[in-house]
Structures are given as C-alpha cells and as structure tokens.
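Engineer: Protein sequence lines correspond, in order, to chains C, F and L. Taking the numbering used here as reference, the numbering of the first sequence is continuous, increasing by one, and the terminal residue is 466. Taking the numbering used here as reference, the numbering of the second sequence is continuous, increasing by one, and the terminal residue is 1080. Taking the numbering used here as reference, the numbering of the third sequence is continuous, increasing by one, and the terminal residue is 2233.
No wet-lab data here; the hints were simulated from the structure. The model shown is predicted, which means the values in this text are computed figures rather than measured ones. Don't take every hint at face value.
Said to hold, decoys possible - Some chain C residues judged to face chain L by a derived CB distance under 7 Å, without partners named: (1) Ala37; (2) Trp65; (3) Thr124; (4) Ile343.
As the list claims (entries may be wrong) - Straight-line Cα separation of at most 30 Å, DSSO-like style, residue types lysine-lysine; simulated pairs: (5) C:Lys393 x C:Lys354; (6) F:Lys1011 x C:Lys154; (7) C:Lys152 x C:Lys317; (8) F:Lys1011 x C:Lys163; (9) C:Lys317 x C:Lys163; (10) C:Lys372 x C:Lys354; (11) C:Lys317 x C:Lys154; (12) C:Lys152 x C:Lys163; (13) F:Lys1011 x C:Lys393; (14) C:Lys152 x F:Lys1011; (15) L:Lys2078 x L:Lys2067.
Glycine residues also receive a C-beta, built at the ideal position from the N, C-alpha and C atoms.
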Amino acid sequence: MNSFWNGKRRYVALLLFLAGVFVALVVPPVIPFIQLAGENLPAGYNIPFTDIRITNTFVAAVIVWVLLLLFTAYIARRRPSDGSEVPPGGFYNMFEALYEGLMGFIGGIAGGAHFRLIFNMFMTIFLIVLLSNWMSLIPGVDTVGFIHPHVKEKFDPETQEYKVITTDGFEIYQGFLGISYVNGQCDWVSPADEAAADAAALAAAETEAAAAQQTQLEDAAYARYQAEHGEHGDDHADEASDDHGDSHAEGMADSSAATAAYDEVLAARVAEKQARADRGCYTGVALAPWQDGYNGDKDAKKEPIPLHPDPSSEEAKRVPWVVLPWVRVASTDLNMTLTIALISVVMTQYIGFKALGFGYLTKFFNFATLFKSPLGGIDVAVGLLELIGDFAKILSFSFRLLGAMFAGAILLFVMSFLVPILPWPFFILEFFVGAIQALVFALLTAIFMNLATISHHHDDDHDDEH
Amino acid sequence: MDPQATIVLGKAIGAGLAMIGAAGGGIGIGISVGGAVMAMGRNPDHTATIQTNMILGVAFAEAVAIYALVVSLIILFVLS
Amino acid sequence: MEALGINPGLMLIWLIAFIMLYVLMTRFIYDPLTNVLNERRNRIAKGLDDAAAAAAARQNAEAEAEKILAQARSEAQKVIDEARGRGEDVASGIEQEARQTAAKIQYDAQTEAVATRNAELGNLREQVLQISVAVASRILGENIDAAKQQSLVNNFIAELPADARGLGGSIEVVSAMPLTAAEQAQITSEVGASDASFSVDPSILGGLVVRWSGGLVDGSVRSQLSQMARNLN
Chain C
1 MNSFWNGKRR
11 YVALLLFLAG
21 VFVALVVPPV
31 IPFIQLAGEN
41 LPAGYNIPFT
51 DIRITNTFVA
61 AVIVWVLLLL
71 FTAYIARRRP
81 SDGSEVPPGG
91 FYNMFEALYE
101 GLMGFIGGIA
111 GGAHFRLIFN
121 MFMTIFLIVL
131 LSNWMSLIPG
141 VDTVGFIHPH
151 VKEKFDPETQ
161 EYKVITTDGF
171 EIYQGFLGIS
181 YVNGQCDWVS
191 PADEAAADAA
201 ALAAAETEAA
211 AAQQTQLEDA
221 AYARYQAEHG
231 EHGDDHADEA
241 SDDHGDSHAE
251 GMADSSAATA
261 AYDEVLAARV
271 AEKQARADRG
281 CYTGVALAPW
291 QDGYNGDKDA
301 KKEPIPLHPD
311 PSSEEAKRVP
321 WVVLPWVRVA
331 STDLNMTLTI
341 ALISVVMTQY
351 IGFKALGFGY
361 LTKFFNFATL
371 FKSPLGGIDV
381 AVGLLELIGD
391 FAKILSFSFR
401 LLGAMFAGAI
411 LLFVMSFLVP
421 ILPWPFFILE
431 FFVGAIQALV
441 FALLTAIFMN
451 LATISHHHDD
461 DHDDEH
Chain F
1001 MDPQATIVLG
1011 KAIGAGLAMI
1021 GAAGGGIGIG
1031 ISVGGAVMAM
1041 GRNPDHTATI
1051 QTNMILGVAF
1061 AEAVAIYALV
1071 VSLIILFVLS
Chain L
2001 MEALGINPGL
2011 MLIWLIAFIM
2021 LYVLMTRFIY
2031 DPLTNVLNER
2041 RNRIAKGLDD
2051 AAAAAAARQN
2061 AEAEAEKILA
2071 QARSEAQKVI
2081 DEARGRGEDV
2091 ASGIEQEARQ
2101 TAAKIQYDAQ
2111 TEAVATRNAE
2121 LGNLREQVLQ
2131 ISVAVASRIL
2141 GENIDAAKQQ
2151 SLVNNFIAEL
2161 PADARGLGGS
2171 IEVVSAMPLT
2181 AAEQAQITSE
2191 VGASDASFSV
2201 DPSILGGLVV
2211 RWSGGLVDGS
2221 VRSQLSQMAR
2231 NLN
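Could you build all of it, start to finish, from the sequences and the hints given here?
Structural biologist: Structure, rendered in structure tokens:
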C-alpha cells in the first residue's frame, strides 16, 4: 500500500486541483446566505420524540460524537495493556505521542493532586472542539446541501390568513449533471420589486427631465434678461431680436433636452436589465413599461408564490433559493460553544469546592479582612469582581470559539467565491486556527480549574501571621 | 431615504466601528510576538517553551479582536 | 436568543453527549492510557537506572575478569612448565621401560631361539646319533648307539680325572648331541658342579667336553679321533 503510493500522491493532489478548477468554472461559486444561528433542516427533520428541529450544526455535532466514539473504540482496542508492551504503530502511535506531549504540558501547568480530573476534562474538550473545528476543512461541509426555497409564511392580521412571502435568495438552475444549484451571479428579484424598480426609474426619469427643462428655462430666462439688458447699452440688438423671434424654437429645444435626459435614465435601467440577462439571469430582465412589447406584469403577480416548489419545475423560478448546507461546522453554533463553556465553568467551581471545601466561597465573598485591614474593602471588591469574571468567562469562552470559527467559515467561502481556483492557503490557515482555538479553549479550562484548586487566602493568612 | 437602505447603512457603519476593537488585538499580538522573538534571540535554547507561550498569548490577544469580530458579525447577520 | 440560535433543547442534548463522551473516554482512553504511560515512564526511568548500575557492574566485572585472566594466564604458564617437566620425566621413564622391554624381548627371543634349536636338535638327535654312530662305526669299526653314547658318557664320567671331580662352581658341558635331563643331572652330580650349562656342538662327534674355570676334560670322539690320527701318523 505504502510503496504503491510513494511518489504518486503528488499526481492525486494535482488531479484534485484540476478537478477543483473544472468544477469552479462549470458551477460558479455562490456566496451563501449567512446567518449566525444554525439553519434548520426542512420541516420533518425533527430530533426523535421531540419537536426540536434539527439544525445543520447539530448534524455536524452528531458526526463528531460518532467519530469520537469510533475513535474511543479504536484506541481502547489498540492500546497496550501495560507499560511493558511495545505500543503498536500507525495512527495509534501518533495519538499516543500527542497524548504524552499534552500530558507533560498539562502536568507542567496543573500537575497536582487533581491532575487526572483536570487532564481528562482538558483532553475531552480538546478532542471534541478540535474535531468540530477541523470539519470545516472537509469539502462539502458548508457548501453542499438542500436547495431550499427561501420563503416563509407570514400571518396577515388584516386578511386573517397566512401569506407566503419571499426574502433574499438566488435564482435556481438545473446545471452540470442535472444537479440543481443556485447561481451566485443572480440574486432573485421578485416581479413586484422589478416593477417597483422600473417605476422608480420612470419617476427618476421624469424628475431628471423636469430638472433639465427647468435648467433650460432658467438659462433661457437668463439669456433673455441678458438680452434685455444688452438692448439698453449694447449694440447686439439684432441678436436679441433673433432670440425674441425664435422663442418658440427655443421652447422646442428645451423639450428636446428634457427628452434626452429622460431617455438617458431609462436607457441606464434597460442596460442594467440587459447586463443581468447577459449573466444568464431570468428574474429582473422583463421588458420595462416604456419598451415596445411590454404587456404588464399583472399575470405574474396573479400567480401565488409556491411554498414548496419542485426545484426542476417552472414554478421554482418564482421563488428565491438558497443552499441549506447539510452539515455546518458545529463550533459555529452557539449551542455547542455555550454548552462547553458552561461545562467548563461549572467544572471549575466543582473542582474548587472539591479541593477547598466551602472555603472556596471566600474567593468570591471575602469579608475576612474587611475590618482588619485598611484595604479590606478592596478585597471585597476583588472577590465580587471574580464572581462577575466567572460569569464573563462563559461569554468569553463561547464567543471566542464561535467568533473564530464563524469568521473562519465566512472567510473560507468568501475566498472560495473570490478565488475559486486557489482557496487553499486559507484552508491551511483554518487548520491552524482550528487547532489553536481548540487548544486555547481546553488549556484555559485546565488553567482555570487549576487556579480554583489553589487557595490564595491561605497564603494571605500566612502573610498576616508573619 | 429608503428605510431599508438606512438600515443597511447603519449596520455597515456599526460593524465597521465595532471592528476598531480588533486594532487592540493586533497591537497585543505584535507586542507579544516581538517580545517572544527577542527572547528567542537571547535564549535560542528555550525556543520551544517561548514559542508555546507566545502562541498562547497571541491566541488570548486575538480573542479580544474576535470579540470585536463577533459584535460586528452579530450586527451584520443577527440584527434585522 | 432566537436570532443567536440558542435552543435549550439542543444545549441539553449537547450536555448529555458531552458527559457521555467524557465518561466513555475517561473509562476507555484516559485512565488506562495514563496508567500505561506512567508505568512505561517509570519502567524507562528504572531501566535507565538499571542500565547505569549494569554499566558500573560491567566495568567492575571487566576489571575483575582482567585480573582473573591474568591470574589464569600465569597459572596456565605454571601448569605448562610443570607439564613439560613431568612430560620429560614420563618420556624418560617410558624410554627406560621400553629399553627394558626391548631387552627382555631380546632375551626371551634368544632363549626361545635356543630352546627351539634344542628342540629341533632333540628331534634330530636320533638321526644325528645314528649318523654319528654310523660315521663313528665306520671310523672306529664299532657301533655307537644310544647305549654306546650312554656308555661313552658313563665312560667319560668314569675316566674323569680326579681333579675334575667335586669341582663345584660352574662348568660348561659340550656334547655332540643334546643330553637328556637324566644325563645332565648325572654329569652335574658326578662333576659336583653347582651350576652347569649345557651346549651342543655336533663337531665333537660324540662324547663330552667339560670345561671349567680351572681346566678342561676332553672326552670327545673328535679328540680321540685326533689322538688316533696323531698316533697313526
């Protein structure tokens, strides 16, 4: 196996690169619809026995759990049963080297009586977060999914009925190999919006024309004024009389300037529509009311907006579509980061109580020195700040991971959109960001847990005694 | 002015302002890496330890920038 | 909360999953693996100590071995020297023994050869006796047979000079034919010799010649014949 692949992997990589370029050219990339909350899968995908809709981040979470269970089984099967056995090679050995390195690392930070608990928490958080983060590197995560009509039902209190309304989205295409994809070049424009834009263009044209006419009239009035003044003290009487004589002709010139301005605005709108049509879009390209052959958009308006159109049907074109990825990295969902942050903070308090008993509470409510020392009030304030700080830790933990990974995900697909043929450097960046964020999350947990086991007040008492 | 456009404008300005906070993270990262490099120059033997601590410090400094980023992302994608 | 996507139900599921993973991974990975790694680290530390001790012991052992080797070498030299000396002794002993054996073999062979010749001659005795009797009778005109021989012997004994009797000491008796044991005993007793050696010399033709340290009695047929020949001439 190994000898077969020696020297051939580079061709595999090259082949994948060429395939990436090909796919990027055939299927133009799409900037996905970005929302912070995990997207719900279509109706019907509920967590069994509950009415909680499954989100695509939850799918990723389930994959992570299953992978970790398999990993646990694998390690449990391969690991040597005692220290005298020679460890097996391969993936297990790599994990063991990592494990031993981290053991030494955590041992240097928190190598006390509570090492086992702290280290187990550290490893569990590290592995879960690491695996979640690295899922963003798998092709298809965040990009392949349901093509989803981006419509929702809204209750209209006036007519007392539900109405389907559309939001932002893209046009749908049956493309390469008959796969439905959304066209990132064409955002979907509803007929109403298009009509409104046309009306706005007409209004703008009217305004422009009126403004042009006004300018022309003012210019003419000024010219007349100049001419009248010139009659008194100037020798251009013949020119002035010409102006007077051609007043009708001037009025004609005025209206022609206005028409030119009017036409210019409308032509810009038509060119905009043509550009959309050239990109291959089918919405927002209908004939404008001022063009020949315009038959009104009444028929389009009359048809109701479908709630669940078939992607391959004609009526699919009447709604905007977005890609709803099947899997979205679990760490970009606040549910995961907040839960692990809560676990981390709760375990910190637990280990504090375990190590110090109820004396742990004096860390927060430190009234011991209030009346003994002139700075006792500061101690009280510091203790209360620590209490607030522990709550702030929850937010800090959860939003650090969420922010890093969510921004990373956005970076990845924005870069895939801008440079479809070579987004690799950003994948390498994400690889390191994922590993470092996992390490930071787990390491901070270990450090805080270790800090909680150390009694500061004991040292203070000592200082007082001396 | 179009109310929708006003909202977009406000969101864009707000998100941009929120990202000013990332400057602090950048300064912090610069200081910590600079210090780490100087330390590595003086003590090449302790490069591994210094590097580990530097990466951790960088990650913590980066966290501040990430909070700014989160605020900005929430402004852009959560507020409506 | 809605816009942030926080859903208490999902958070609860996450919490349960986390606790489940924590418990399983602690049970199946962290606890055993930490133990194994600690054990291995201790073993390696112990192994290094052992190795250091073993290295020291080896150094000691090498010095010891060197000492033992030197001792053994000197002892071996001594043994070799000793062995060489003893070997020379043994060689000389063996040589001497061989020489003795060789002498003995030579003596035995001689004795055997004599005995064999005597036996042969004993076999031939009758023949030779008859031949010599025939020759003698031709010469003397009388028959010499066994009885004659006996009588010759007796005659010899009778005619033995007086000074030849009771000689004692050792005598040498030469006869033409091997004497029987009785004759030998008779001669020995007549002469009174304590020790007699008997030899056969057919050239004397008959009779006996007795020699002793002091003189010689020649009763042989040859001397008689010679006497006769002298007388005849």
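Engineer: Does each hint fit the structure? Answer for all of them.
Structural biologist: Outcome of the hint check:
no.	hint	in the structure
1	Ala37	2 Å, holds
2	Trp65	5 Å, holds
3	Thr124	5 Å, holds
4	Ile343	6 Å, holds
5	C:Lys393 x C:Lys354	20 Å, holds
6	F:Lys1011 x C:Lys154	25 Å, holds
7	C:Lys152 x C:Lys317	16 Å, holds
8	F:Lys1011 x C:Lys163	28 Å, holds
9	C:Lys317 x C:Lys163	18 Å, holds
10	C:Lys372 x C:Lys354	29 Å, holds
11	C:Lys317 x C:Lys154	21 Å, holds
12	C:Lys152 x C:Lys163	8 Å, holds
13	F:Lys1011 x C:Lys393	28 Å, holds
14	C:Lys152 x F:Lys1011	24 Å, holds
15	L:Lys2078 x L:Lys2067	17 Å, holds
In summary, this structure violates none of the numbered hints.
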